[in-house]
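*Asks:* Sequence:
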Amino acid sequence: MDVSTFEFLCFNLVPSLQRQDTNMRSAIPVQVKVTVSISRLATSNSMQSIADLFRIGQQAVNQFTHAVKLLLLKRFIRWPSTTTMDKFAREFEDIHGIPYVVDAVDDSHIPNVALSLHAADYYNRKGFHSILLQGVVSSKYLFWDFDIGWARSMHDANLWGRTAISQFCKAGKLAPYALVGDASYPCRPWMLAPFRGDNLWKTKWLQDASDEVHNGLSLMTPSGPARQEKLAINNELSSELGGYEDIVVSRPIASVSKELAQAVDQFSKDYGLDSEKVGSGYIGIYQIYLRADGESPVKEPEEGIRSKKVELLRNQMQMNNIILDAVVICLKEEDGALESKTSQENKLLLRSLAYDTLGDLVLVESYTTLL
Numbered sequence: 001m002d003v004s005t006f007e008f009l010c011f012n013l014v015p016s017l018q019r020q021d022t023n024m025r026s027a028i029p030v031q032v033k034v035t036v037s038i039s040r041l042a043t044s045n046s047m048q049s050i051a052d053l054f055r056i057g058q059q060a061v062n063q064f065t066h067a068v069k070l071l072l073l074k075r076f077i078r079w080p081s082t083t084t085m086d087k088f089a090r091e092f093e094d095i096h097g098i099p100y101v102v103d104a105v106d107d108s109h110i111p112n113v114a115l116s117l118h119a120a121d122y123y124n125r126k127g128f129h130s131i132l133l134q135g136v137v138s139s140k141y142l143f144w145d146f147d148i149g150w151a152r153s154m155h156d157a158n159l160w161g162r163t164a165i166s167q168f169c170k171a172g173k174l175a176p177y178a179l180v181g182d183a184s185y186p187c188r189p190w191m192l193a194p195f196r197g198d199n200l201w202k203t204k205w206l207q208d209a210s211d212e213v214h215n216g217l218s219l220m221t222p223s224g225p226a227r228q229e230k231l232a233i234n235n236e237l238s239s240e241l242g243g244y245e246d247i248v249v250s251r252p253i254a255s256v257s258k259e260l261a262q263a264v265d266q267f268s269k270d271y272g273l274d275s276e277k278v279g280s281g282y283i284g285i286y287q288i289y290l291r292a293d294g295e296s297p298v299k300e301p302e303e304g305i306r307s308k309k310v311e312l313l314r315n316q317m318q319m320n321n322i323i324l325d326a327v328v329i330c331l332k333e334e335d336g337a338l339e340s341k342t343s344q345e346n347k348l349l350l351r352s353l354a355y356d357t358l359g360d361l362v363l364v365e366s367y368t369t370l371l
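The numbering of the sequence shown is UniProt numbering, which starts it at 1 and goes up by one.
Hints were generated in silico from the structure; no laboratory data involved.
When the alpha-carbon atoms are kept at most 27 Å apart in a straight line, the in silico BS3-like pairs for lysine-lysine are as follows:
# : residue 1 : residue 2
1 : 140       : 87
2 : 87        : 173
3 : 69        : 140
4 : 170       : 87
5 : 87        : 74
6 : 170       : 74
7 : 140       : 74
8 : 140       : 173
9 : 74        : 173
What you are looking at is a predicted structure, and each value in this text was computed from that prediction instead of being measured.
Produce the entire structure from the sequences given, and follow the hints as far as they go.
*Replies:* Okay, here's the thing in structure tokens:
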């Protein structure tokens with residue numbers, strides 16, 4: 001999260017979270033409350049670890065997290081006004097050519113650890129345990145409705161019928177607009193779904209439109225320990241991890257697009273990174289691995305400034321709609337050797353790359369930690 005986003009959250013939450021100092025103790029600043037909440041929601045770390053980090057009680061962590069979550073939901077996740085609906089419809093028609101469609105709806109796998117009770121209900125057809133996240137997303141990737149926590153064995157149509165937005169649509173609150181869903185959703189006056197069959201050219205329009213929600217849901221796919229474990233187990237780079245000082249793992253935003261995965265192969269090789277596309281991953285996405293040798297992931301200073309090469313890589317990734325999952329940096333030096341100046345500079349540049357591309361920065365003592 002950048003500074004401007006953090007300040008925006010604090011500014012909007014001050015009226016509700018600000019407390020006055022008393023004779024007994026000073027009030028906890030709003031900035032601390034927001035930081036604690038974001039740490040809890042973004043990392044899923046235990047309340048005990050977050051409480052120890054900020055020197056507050058576990059009960060305070062729980063209270064701050066729930067307060068911030070409810071305030072943000074009330075402000076940003078709500079039924080759009082008529083003016084907003086008109087805006088969504090115009091934006092959707094400009095992109096896809098389909099009138100009176102405001103948003104797309106779909107669900108996504110959220111990997112999780114097998115539960116002690118009813119674990120079989122959460123075991124999906126792809127071979128791992130997960131829960132369902134259903135989202136309604138605009139053409140600008142703005143969420144205004146979601147439902148999460150259902151067992152992944154549940155069918156999409158069954159899940160849709162149990163959600164609040166489905167009842168709103170049946171009551172006519174969405175009229176005259178409609179949503180777009182894939183073939184698993186029922187075809188209704190408020191829901192456009194592809195016809196089943198071949199050579200149906202209109203279905204291609206609906207499929208392109210429903211890709212909007214795939215793109216939006218991929219932005220919300222967690223990068224916590226459960227998902228990282230699944231991705232690390234099922235890749236073809238595991239045997240090569242020990243041969244590189246720094247490894248950048250990325251994936252395309254659109255999980256169904258091979259073109260975005262192939263775009264990495266067209267990167268300029270001037271920055272000295274090798275790319276490898278290893279095909280469909282464990283959870284059905286295309287994975288891209290950008291590999292770099294520790295001593296010279298980019299050219300020497302006399303051949304080109306390293307920061308410029310990293311900037312070139314970052315710009316090309318943004319142009320091709322590719323984001324980072326993680327930048328993995330090994331901190332342990334072999335045989336107690338001092339870290340070279342080149343290696344230090346490379347790690348600083350990779351930290352910058354992770355920050356600018358919204359990737360997670362993972363520090364490990366050995367790459368075997370990821371196996």
